[in-house]
Amino acid sequence: MNMLTIFKRELTSYFTQPTAYAIVIVFGFLSSLLAFTLGQFWNVADASLNGSFFVYHPLLLMILVPAVSMRQWADEHYTGTIELLGTYPIKLRSAIIGKFLASAVVWALALALTFPMILTVNYLGDPDPWTIFSGYLGSFLVCLTFLAITTLVSSFTRDQVVALIVSVAICCLLTMIGWEPVINEVRRTGPETKEAVELMTRVGIFSHFFDATLGRISYASLIYLGGIISVCLLGTNLALKSQRA
Amino acid sequence: MIEVTGLTKRFGPKAAVDDLSFSVKKGEVLGFLGPNGAGKSTTMRMVTGFLPVTAGEISICDISMINNPQEAKRKIGYLPESAPLYNDMSVQGFLKFCASMRGLTGSARREAVAKSIETCFLESVYRQSVGTLSKGYRHRTCLAQSLLHDPEVLVLDEPTDGLDPNQKLEVRKLIKNLGKEKAILFSTHILEEVTAACTRAVIVDQGIIVADGTPKELEAQGGGSLYDLFHKVTTFETPAA
Ligand SMILES: Nc1ncnc2c1ncn2[C@@H]1O[C@H](COP(=O)(O)OP(=O)(O)O)[C@@H](O)[C@H]1O
Ligand SMILES: [Mg+2]
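In the order they appear, the protein sequences are chains G and X. Using this note's numbering, the first residue of the first sequence is number 1, and each one after it goes up by one. Using this note's numbering, the first residue of the second sequence is number 246, and each one after it goes up by one.
Watch out, some of these pointers could steer you wrong.
Below 25 angstroms or equal to it, Euclidean Cα-Cα: the simulated DSS-like pairs (lysine-lysine) are [stated by the list, open to error]:
hint	chain 1	residue 1	chain 2	residue 2
1	X	Lys421	X	Lys380
2	X	Lys259	G	Lys241
3	X	Lys413	G	Lys8
4	X	Lys270	X	Lys425
5	G	Lys8	X	Lys461
6	X	Lys425	X	Lys413
7	X	Lys341	X	Lys360
8	X	Lys425	G	Lys241
9	X	Lys271	X	Lys421
10	X	Lys320	G	Lys91
11	X	Lys418	X	Lys320
12	G	Lys194	G	Lys8
13	X	Lys270	X	Lys477
14	X	Lys360	X	Lys320
15	G	Lys194	G	Lys91
16	G	Lys91	X	Lys341
17	X	Lys418	X	Lys461
18	X	Lys461	X	Lys421
Since the hints were derived computationally from the structure, they do not count as laboratory data. The model shown is predicted, which means the values in this text are computed figures rather than measured ones.
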């Protein structure tokens, strides 16, 4: 009940301020721009969109997701409204989840509004709707993961900019560590790095993301991403509680 | 209705609140007086369940804030010191949100919001965005938030801070009126407010109660002047608040 109240408040605030519109437009613009330039969308005629469109999402999301959610708890500290939440007869976790879900909905919308890409592909060829759905699913999972990380980071500070910088750093690391060019670079240094490469691939977000976009997401990936999300949200709960002690 | 015994809060080695005991009954307005940094806000944050206590017991209408915070919090309306608000909402929207958080729905919620808008004189701004309000209106909006569920206990941290003289007068009158039906704990460092609104007052200094009594008794202790008493019992330089 309280979770729903907070969810609604947060969601409304995304739309009464420019945040949600900005994110939908910027994400839509940048993701198609990358698809048409780096992704060589026209040349490869990639009807699944995987190699030209979805592949760049983690690179965009690692910056955009923290930008949207940096204020989630930082602002609550800064304005002092956390003192209201903390003295209402509610569970802290319903506030945490309510806020998290509201941001998740904004991202679901931002992803959904890239549908002109789908129309284009449909016009060009005959894509498999299931593959495209998988692509979106992969991107959304990455959104949720980065979102949870930002939630945790923003619970530690009252300064939005600090929250932004730290969460972008963490999300970047998680993305880059498993990014193909980076992996290749490490692999080139010699065969003795085989284990390191293996580890980086597993820890990095890309391998899990690709599995998801190819429609063959494994339990291991789900556990890994779900684990990050749960740990971050539980950590947020702990952080918010212990700051008052 | 508010029963506090042996309340202590330490931040690191420093005790911000040190073994404080007091009680506020229905129909009483207890003034919480003290210089900046005396521990007034810290005490109120513990009484309202925002800060965990280091030691001591707090009971609100016979419900323990420490063992049963969810239930105890229902009984309290709280105005924090900085009068925090969600700046992206309208006054009405904000109050509606707060009422929902208090578990009010439908017509009960509508009536609660309308009533607190009326009580706090917010009719002229209730559609306005909170972010554009002047300080006096911000304070009163946050005060309105504390009255929504018609709580038995009110905790108000410097409710007249930052108001102009007319507004101060209004809020004091309001507190006095509300005090007839409720138990009110309110903090201030303005001495006139004690005589204007309180039935009883305590003076706190460095986390300890240094004087306690009705406004008349306190004046007598100070040889006829509350100022003299305040000056005598409080330290001039408290550590930076
Ligand atoms: N979160 C905190 N961490 C460390 N010290 C604090 C914290 N909150 C308050 N204090 C200290 O506790 C003392 C009492 O502060 P406060 O209760 O705000 O005083 P008042 O409201 O009477 O002006 C001050 O010395 C302040 O510096
Ligand atoms: Mg204070």
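Handout entry: Restraint check for Lys413 of chain X with Lys8 of chain G, where alpha carbons must lie at most 25 angstroms apart
Key = With Cα atoms ~35 angstroms apart, Lys413 of chain X and Lys8 of chain G exceed 25 angstroms; violated.
Practice task
Measure nothing beyond the straight line between the CA atoms of Lys91 of chain G and Lys341 of chain X; if it is 25 angstroms or shorter, mark the hint as holding.
Solution key: 19 angstroms, holds
Exercise for the section: Sort out whether Lys360 of chain X lies within 25 angstroms of Lys341 of chain X, counting only the CA atoms. Expected result: 12 angstroms, holds
Handout entry: Pair hint Lys360 of chain X and Lys320 of chain X, alpha-carbon separation not exceeding 25 angstroms
Key = 18 angstroms, holds
Problem - Given hint Lys461 of chain X paired with Lys418 of chain X - CA-CA distance at most 25 angstroms - result: 19 angstroms, holds
Exercise for the section: Quickly compare the C-alpha distance for Lys461 of chain X and Lys421 of chain X to 25 angstroms and report which way the hint goes. Expected result: 17 angstroms, holds
Exercise for the section: Given the hint that Lys259 of chain X pairs with Lys241 of chain G, test it: the Cα-Cα distance must not exceed 25 angstroms. Expected result: The hint holds at about 20 angstroms.
Practice task
Please work out if Lys320 of chain X and Lys91 of chain G have their alpha carbons no farther apart than 25 angstroms.
Solution key: Roughly 16 angstroms between the alpha carbons, so the hint for Lys320 of chain X and Lys91 of chain G holds.
Problem - 25 angstroms limit on alpha-carbon distance, applied to hinted pair Lys270 of chain X and Lys425 of chain X - result: Holds: Lys270 of chain X and Lys425 of chain X sit about 10 angstroms apart, inside 25 angstroms.
Problem - Restraint status (C-alpha distance of Lys425 of chain X to Lys413 of chain X at most 25 angstroms) - result: 19 angstroms, holds
Exercise for the section: Measure nothing beyond the straight line between the CA atoms of Lys194 of chain G and Lys8 of chain G; if it is 25 angstroms or shorter, mark the hint as holding. Expected result: 48 angstroms, violated
Handout entry: Restraint check for Lys8 of chain G with Lys461 of chain X, where alpha carbons must lie at most 25 angstroms apart
Key = 50 angstroms, violated
Violated hints, listed in ascending order, are 3, 5, 8, 12, 13 and 15; each of the other numbered hints is respected by the structure.
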